[in-house]
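K.L.:
These are the residues of each chain, in order.
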Amino acid sequence: MAQQPLRQRLEILADAAKYDASCASSGTAKKNSLGGKGVGSTEGMGICHAYAPDGRCISLLKILLTNHCIFDCHYCINRKSANTPRARFTPQEVVDLTLNFYRRNYIEGLFLSSGIVKSANHTMEQLVEVARILREEHDFRGYIHLKTIPEADAEIIHQAGLYADRVSINVELPTDSGLTRLAPDKNARQIEGAMGRTKARIIEAKDERKRFRHAPRFAPAGQSTQMIVGADGANDAAIIGKASRLYDSFGLRRVYYSAFSPIPDASAVLPLKRPPLLREHRLYQSDWLMRFYGFAPQEVADAAEPDGNLPLDIDPKLAWALKFRESFPVDVNRAPKEMLLRVPGLGTKAVARILASRRHRNLRLDDVARLTASVAKVRPFICTVDWRPTFLTDRADLRGLLVRKSEQLELF
Amino acid sequence: MTAMQNVSLGSRYAVHLPAPDDFAFWRERARGLVQCDVPPDRVSWIEPGGTGDLFAEGPSRGDKRLPVPPADAPPVRASQRFLTVARSAALHSDPARFGLLYRVLWRLQRNPRLMEDKADPEVRRLEELAKSVRRDAHKMHAFVRFREVAEEDGTPHFVAWFEPDHHIVRAEAAFFMRRFANMRWSILTPHGSVHWDGETMREGPPARREDAPCGDPVEALWRSYYASIFNPARLKVSAMLSEMPKKYWKNLPEAELIPQLIAGAQAREAAMVAAGARAERARPASLAEVAQGIAACRDCPIADCGTRAVAGEGPQQAALMIVGEQPGDQEDIAGRPFVGPAGQLLDDYLAHAGIDRTAAYVTNAVKHFKFAWKGKQRLHQSPTAKEIDTCRWWLDAERAIIRPRIVLALGASAARGLLGRTVSVTRERGRAIPLDDGGELWVTVHPSYLLRLEGEAREAQAALFAENLAAVRERLGEV
Chain E
1 MAQQPLRQRL
11 EILADAAKYD
21 ASCASSGTAK
31 KNSLGGKGVG
41 STEGMGICHA
51 YAPDGRCISL
61 LKILLTNHCI
71 FDCHYCINRK
81 SANTPRARFT
91 PQEVVDLTLN
101 FYRRNYIEGL
111 FLSSGIVKSA
121 NHTMEQLVEV
131 ARILREEHDF
141 RGYIHLKTIP
151 EADAEIIHQA
161 GLYADRVSIN
171 VELPTDSGLT
181 RLAPDKNARQ
191 IEGAMGRTKA
201 RIIEAKDERK
211 RFRHAPRFAP
221 AGQSTQMIVG
231 ADGANDAAII
241 GKASRLYDSF
251 GLRRVYYSAF
261 SPIPDASAVL
271 PLKRPPLLRE
281 HRLYQSDWLM
291 RFYGFAPQEV
301 ADAAEPDGNL
311 PLDIDPKLAW
321 ALKFRESFPV
331 DVNRAPKEML
341 LRVPGLGTKA
351 VARILASRRH
361 RNLRLDDVAR
371 LTASVAKVRP
381 FICTVDWRPT
391 FLTDRADLRG
401 LLVRKSEQLE
411 LF
Chain A
1 MTAMQNVSLG
11 SRYAVHLPAP
21 DDFAFWRERA
31 RGLVQCDVPP
41 DRVSWIEPGG
51 TGDLFAEGPS
61 RGDKRLPVPP
71 ADAPPVRASQ
81 RFLTVARSAA
91 LHSDPARFGL
101 LYRVLWRLQR
111 NPRLMEDKAD
121 PEVRRLEELA
131 KSVRRDAHKM
141 HAFVRFREVA
151 EEDGTPHFVA
161 WFEPDHHIVR
171 AEAAFFMRRF
181 ANMRWSILTP
191 HGSVHWDGET
201 MREGPPARRE
211 DAPCGDPVEA
221 LWRSYYASIF
231 NPARLKVSAM
241 LSEMPKKYWK
251 NLPEAELIPQ
261 LIAGAQAREA
271 AMVAAGARAE
281 RARPASLAEV
291 AQGIAACRDC
301 PIADCGTRAV
311 AGEGPQQAAL
321 MIVGEQPGDQ
331 EDIAGRPFVG
341 PAGQLLDDYL
351 AHAGIDRTAA
361 YVTNAVKHFK
371 FAWKGKQRLH
381 QSPTAKEIDT
391 CRWWLDAERA
401 IIRPRIVLAL
411 GASAARGLLG
421 RTVSVTRERG
431 RAIPLDDGGE
441 LWVTVHPSYL
451 LRLEGEAREA
461 QAALFAENLA
471 AVRERLGEV
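Residue numbers (this note's numbering), protein chains in the order written: chain E, 1 to 412; chain A, 1 to 479.
Note that these hints are calculated values from the structure, not bench results. Being a predicted model, the structure only gives us computed values, none of them experimental. A virtual CB, placed ideally from N, CA and C, is assigned to each residue, including glycine. You may find that some hints are simply not true.
[To be verified] Computed far set for chain E versus chain A, every beta-carbon distance over 12 angstroms: (1) Ile47; (2) Pro53; (3) Lys62; (4) Ser119; (5) Arg189; (6) Ile203; (7) Glu204; (8) Ser249; (9) His281; (10) Met290; (11) Arg291; (12) Phe292; (13) Glu305; (14) Gly308; (15) Glu326.
[Said to hold, decoys possible] With a cut-off of at most 27 angstroms between alpha-carbon atoms, the simulated DSSO-like pairs for lysine-lysine come out as follows: (16) A:Lys250 with E:Lys349; (17) E:Lys377 with A:Lys236; (18) E:Lys377 with E:Lys323; (19) E:Lys186 with E:Lys206; (20) A:Lys236 with E:Lys349; (21) A:Lys131 with E:Lys377; (22) E:Lys337 with A:Lys131; (23) A:Lys131 with E:Lys80; (24) E:Lys186 with A:Lys386; (25) E:Lys242 with E:Lys323; (26) A:Lys386 with E:Lys118; (27) A:Lys131 with E:Lys31; (28) A:Lys131 with E:Lys30.
Excised from the complex, chain E in its bound form:
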């Protein structure tokens, strides 16, 4: 078959890659191109070079090497049985695209994934080859994220980690039964086995670098994973539980949630209704509660409705506060940091500011207003020198007072 022009293949293979939510380019080892031959730098903070109208940032050139695939996962636009146009890049073409985009400051680097062609090993070798050319032949010092294929040999995955800043393996679905039903060619044990090996390699490489300054880095930005929300029957409590187990067992940097969204030529097995995008947002919020606010997974699950799903109209932190009102109000002048972090409307930065300021003054409501984004949201849950929410915290209709009135309109 004659190859389509590059631009057309870029369209097909970018389109095929967009269901992977990850775009982070942060948290890797610092490097720059001074004293080198090529381009590229990473300085800790990731940079989003553009935003698409779906609100997602475009930080990396996110493409597939090919969307031919021997697997048949129902939720995937690239599954074998889908009637979708197919294309492939050569490793050199991906390298040229990456460098051309990078030199014009369009991107932070490359996020490369692929459909499985021939075999898992063959595919993984091709991915590693792209990273190798970029790093070794062009001395590229930007960010590289490689999707690794759990079925590939450990040795090739190891190679990937040596060139890439981040590696990731998708767990795909929150439940094993969902995986069996919707991704019949994949195996949960194999995925977790590969994640476990990657974790071991990352720890090992960090340890070696402590002792030998020139020991090679292995995926300095760690590993991440992605779960599809709403394609199987798992409720939010189950998803949160799974995510927290993944964080604990595999030292993941991030678990991404991707609300299942309609894809062209969808499989008939999938649910017809997409989950609300807000559900994905609430899951990310609960993820934050666990990672930065000291909530235990069970506490987040406690905030869920009886059906195990988080309420959509209010954020999980407010839901928790409304359920456990006996913990409030919190005295901003005396309460420990852990309790301040539980106040709806106080973020980590606001809490840090309160802790610093209260050494210098007794905080009044005006002061709190200067330190936070919205004092109206915080007010029912705190007391200051001049403010006590005497009846507010106990009001039965408090939820109604705090929920935003506007409702999203239906498509017309």
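Starting from the known structure of chain E, fit chain A onto it as the hints suggest.
P.N.:
Chain A alone, transformed into the frame defined by chain E:
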């Protein structure tokens, strides 16, 4: 206080800064003024071309020479946090920033921990200025777009036009130097420009948009990428606008696509949903409803071949369900499953194995006959995986009504209809595969496969087929 000796009481001073981003100069002058104990309300800081923030009504009043601090003046102190924040805040476009910086520095001498008091209005304002400068710098890292031009000597030169809100260009040049150390590049802005040739940084005068190149062939690829990575099923315009406000759009080559992407998004999503989904309907509760439903079903293109839907047949309490691939030519004419040559062969083998066909429910994975004309003959065509998956909805409905303890799938298409994945019959045949409704699935070949074989191969396969059926018979007795 000795410093007061060379400060006449009530004197006012004006400091003219050489450049709007010259923090070092401000720091030098501010240090001297603090040492001379000049209170903040007596100093005005004037940028090039500016009028300062205090004495707008009388420009000559602040022209006094600055006092010289005495040799024994105490050193001026400031916290590390102040220095960090001040360095950023000094680049802000607010003309009052240097005055504010001086006021906070002045207060820091009496309260060294002032910067920790985040509720203090002046500290808060300073932090806000610094934050807005940091954001501007971050957006500059993100939104500068280089365009390639060839120099006379043939080397590529990357040139960008950018309009920052604050005086950040000089400070941020280092970022681009670290990133593009081996590239020749220039960033042009209305406030000044910076040029890097691979070895040295050069500063230039303010530029105009026309000075920058107006296009680059790679931008077409970038725009294609931008349009393709966008998922029309999740439109979130406000999230985009908060991070990429419209003021930046005019210098982003991809931004011109945004209006049309937004406009087309709902139509694209609706088309995907319509193409992939049936109208939501209730699952049929009886076999009669299934028969009615499949006759009206137009979910896949096979239904448009002009053939009739062939419903399953057999008792509703059947313990065994036999699933074939799809009706053939004869089945389509008769309107009953497994009546053609393959059906007759199946009947023989079932009888031989001791399975009563009339006690079993017999149906197909796909309900319509898919064929292609060859002359006057209708030639069987295999259904695609997608067609099987679409029709699975009806097969699932039949299973839910009959609840067979054993399902016998004849051929790979039937197995896919039951398991939802492509199944290798040779690997899976002859053993029970648990189904999620508690029943079990047995897989074997389709009898039409035997019809296509000849000689020894046919005999071998026929024996295997008979063996598989015998195993099912035995299992039927057990469950």
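K.L.:
Give a verdict on every hint.
P.N.:
Hint check:
1. Ile47: Nearest chain A Cβ is 5 angstroms from Ile47 (chain E), so the label is violated.
2. Pro53: Non-interface label on Pro53 (chain E) violated, nearest chain A Cβ at 5 angstroms vs cutoff 12 angstroms.
3. Lys62: violated (6 angstroms)
4. Ser119: Its Cβ never comes within 12 angstroms of chain A, the nearest being 17 angstroms, so this holds.
5. Arg189: Given that every Cβ of chain A is farther than 12 angstroms from that of Arg189 (chain E), nearest at about 18 angstroms, it holds.
6. Ile203: holds (30 angstroms)
7. Glu204: holds (30 angstroms)
8. Ser249: Non-interface label stands for Ser249 (chain E): nearest chain A Cβ at 27 angstroms, farther than 12 angstroms.
9. His281: It is violated; His281 (chain E) is separated from chain A by about 10 angstroms at its closest Cβ, not greater than 12 angstroms.
10. Met290: holds (23 angstroms)
11. Arg291: holds (21 angstroms)
12. Phe292: holds (19 angstroms)
13. Glu305: holds (23 angstroms)
14. Gly308: Fine: 20 angstroms to the nearest Cβ keeps Gly308 (chain E) off the interface.
15. Glu326: holds (29 angstroms)
16. A:Lys250 with E:Lys349: Measuring from Cα to Cα gives roughly 33 angstroms; hence the hint is violated.
17. E:Lys377 with A:Lys236: holds (24 angstroms)
18. E:Lys377 with E:Lys323: holds (16 angstroms)
19. E:Lys186 with E:Lys206: violated (30 angstroms)
20. A:Lys236 with E:Lys349: holds (26 angstroms)
21. A:Lys131 with E:Lys377: holds (23 angstroms)
22. E:Lys337 with A:Lys131: Since the Cα atoms of Lys337 (chain E) and Lys131 (chain A) sit roughly 24 angstroms apart, the hinted pair holds (cutoff 27 angstroms).
23. A:Lys131 with E:Lys80: Answer violated: Lys131 (chain A) to Lys80 (chain E) is near 49 angstroms, above 27 angstroms.
24. E:Lys186 with A:Lys386: holds (19 angstroms)
25. E:Lys242 with E:Lys323: Roughly 23 angstroms separates the two Cα atoms, so the pair holds.
26. A:Lys386 with E:Lys118: holds (22 angstroms)
27. A:Lys131 with E:Lys31: The given pair, whose Cα atoms are some 25 angstroms apart, holds under the 27 angstroms limit.
28. A:Lys131 with E:Lys30: holds (23 angstroms)
In summary, the structure is inconsistent with hints 1, 2, 3, 9, 16, 19 and 23 from the numbered list given earlier, while agreeing with the others.
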